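Here is how the chains run, residue by residue.
Number of protein chains: 2
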Amino acid sequence: MSHTVEILSVGTELLLGGIVNSDAQALSRELSGLGLNVLYHSVVGDNPERVKAAAELARSRADVLVTTGGLGPTCDDLTKQALAEAFGKKLVFHPECAQNIRCFFARVGREMTENNLQQAWLPEGCHVLDNAWGTAPGCAFEAEGTYVVMLPGPPSECLPMFRERALPWLARLSEGVIRSRTLRVFGAGESAVESLLRERMNELENPTLAPYAKEGEVELRITAKAPTAEEADALIAPVEREVRALLGELVYGADVSGLAQVALDGLRNRGLTLGTAESCTGGFIAKRITDVPGAASVFKGGVVSYHCEVKAGVLGVSQALLDEKSAVCAEVAREMAQGARKVLGCDLAVSSTGVAGPDPDDRGNPVGLVYTALAAPDGCWVKKLNLASLSARRDRTRNLAVNHALDMVRRWLEGLDPAGMDAAGADD
Amino acid sequence: MSHTVEILSVGTELLLGGIVNSDAQALSRELSGLGLNVLYHSVVGDNPERVKAAAELARSRADVLVTTGGLGPTCDDLTKQALAEAFGKKLVFHPECAQNIRCFFARVGREMTENNLQQAWLPEGCHVLDNAWGTAPGCAFEAEGTYVVMLPGPPSECLPMFRERALPWLARLSEGVIRSRTLRVFGAGESAVESLLRERMNELENPTLAPYAKEGEVELRITAKAPTAEEADALIAPVEREVRALLGELVYGADVSGLAQVALDGLRNRGLTLGTAESCTGGFIAKRITDVPGAASVFKGGVVSYHCEVKAGVLGVSQALLDEKSAVCAEVAREMAQGARKVLGCDLAVSSTGVAGPDPDDRGNPVGLVYTALAAPDGCWVKKLNLASLSARRDRTRNLAVNHALDMVRRWLEGLDPAGMDAAGADD
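Residue numbers (this note's numbering), protein chains in the order written: chain A, 1 to 428; chain B, 1 to 428.
Don't read these hints as lab results, they were simulated from the structure. Remember, it's a predicted structure, so these values are computed and weren't measured experimentally. Everything hinted at is true.
Chain B side only, calculated, beta carbon under 8 Å to chain A, not exhaustive:
hint, residue
1, 25
2, 39
3, 40
4, 43
5, 45
6, 156
7, 291
8, 293
9, 307
10, 309
11, 344
12, 394
Here are the simulated DSS-like pairs of lysine-lysine, each with C-alpha atoms no more than 27 Å apart in a straight line:
hint, chain 1, residue 1, chain 2, residue 2
13, B, 342, B, 325
14, B, 214, A, 214
15, B, 52, A, 52
16, A, 384, A, 342
17, B, 342, A, 342
18, B, 384, B, 342
19, A, 89, A, 52
20, A, 325, A, 384
21, B, 214, B, 384
From the derived model, a few chain A residues whose C-beta atoms are all more than 12 Å from chain B:
hint, residue
22, 319
23, 380
24, 384
Beta carbons: idealized from backbone N, C-alpha and C, even for Gly.
When you get a sec, could you build the whole thing from the sequences and use the hints?
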């Protein structure tokens, strides 16, 4: 019987809509990955009575309570006070926490005001979760059968605190070791992937197999529980083989950050460089590539040829072709990629040209019609995409076009037809 | 006494962490803007008992309940069933809804399966919220003093449904008319803006003045309530003047979508074109510009000169300069912008060069050191930025650099010194 979890987030800013509750999302993924069953999220403002009532409600309907926010000096350590009351605990001064807070300020070269030391008051008997990413320490304790973990609110502190500090403490709740592996899938929508795998997903218990839709992609997470890491990995391996056999070239990586990372790693291993030539994606391909730290070892640069005169003048696309066929056609995509290879002096180049919307172009090409091309030393390939959908949005169309362009590089690296495969977008 | 609100989101996907609860954020802003007091967010999975229990809890602690998700055929209209039970209502068939659903499918050219018609069953006596952005209609009703609004989950449907359909119905809860105006502020952190305005924010009751931090920006929303729109606007105007007088050139617009929009609109009005030359932002400036529909009337294109040979070869930056000073210096930023003007044939060009991190560059330049430049017909300006912060993140550094580059265009358009002003980033 797996443990049930409530995530309680404290912060008036969340209720005003100033920020989105990304902590709840990130922690939900982590906790689900541990095999725990997240049943509730709740958010209350910076109000001691409501925080206390929410904690009491949570303990009545879940056996693990994870809180985020309301720590730290600016909110008077609201969450700690309220939870200490709800669970009948006293707050006591932890000198070693005070010392850590002093060290943190010394390390970042800022002066510490005295109110920061208030953060060193934590529930008696708790396990302290030291904060290396900010000042407010978290804590964890068990009280009458409820496991409580308190984390700071800023996402840049909350997630590392969970992974590095809370997770080892929570491991007690899952007997044995939990391991997971995430397969990344591009080129089919979630519902298509699900319909291929539904039966197996329902059958499997250990490991479990679960899909997560991301815009234009699907992640498949295989999670196994076993006495040791080796045994867990041994449970995962045959399911991974099975999924790969079913989905074939749709699987582009395992435990990777995304298509850009896979393309960059593959090119780096082969000592090859990359460039871009973008029209409808308007710099988005280059942006996605340079989101990856260390992209400079592979990515030389790109040309955003939004106007036709830049396509002709900088990339050398034929003016006659542009006049005759307009910018949205396979030939222009091809000449853009080939031009980028030459102008930028790179081994491979990808290009995009199409109609991002919201309106059709002046030649009547529909929103979502996009051509992506890949120019490589051994040839040039063009893919025609129809990215229109029920909820056609400019950002979605552009994002999908970027994915397709990057996937062409990935497929070339794997020796597959870069323009192969059905070019359907993800489903809605 | 203002009404209190709970937002209840239904969806197992939220509890698994597959998606973030952006509906709750968007609705919180809208509801707060109406003068309603959002006290709770809660999330439960696709489970009829838990949805019903959550609805009963919500009615006990708030007088307005807004639900998102759990409508539509794939989830068996879970939320409608559970709420109908919780509020003792029957579901009845609404033929006009069935007709709308049929029309929607005809309009988008897809075949309708019969299970879609199940969506036409809604609580008896409810006010139907017709869905022009998807298939599942929403509804609104009052039951024993609780006002209930049910909206679909997909963000592309939820927010327009709220604004276009639910808002007129909810208007009864706020006596008179509520109007708001949002001033956009760039160049100072939230805490600096707050400390300038704190006293006034606390004093003001109608209109209210509230800050919202966005990454690298601050929004200030002035909200007034009055019997008529004219009277509300008349209450807003003097507060807007007061804020503008206090913050001066930090205010870059009112009721606009962002810096890119302001820069593009200003250039379009003057008949001028824009180009980009990017190193550390790697296409992100061009991406932000082309996020704006209609950017093509102003934006000609850009060069992403990630490698120095592209800076020299395509943009014409002096090789001797690159050899001597490396790519991260004011002179290179200047030559990049000037080169882009020439190569792209545009009136204005902005550039960026710097260290996005996570590591310092090979000349020892620290993470967060960025130069942005603006080349215009009447001169060229360079801004040196130190975007380092406690939580230095590559995406944050790059995003701030983009904002600074776009703000140089905005300042030039307003006749201000484009490189003027303290180049401090937003605070953490």
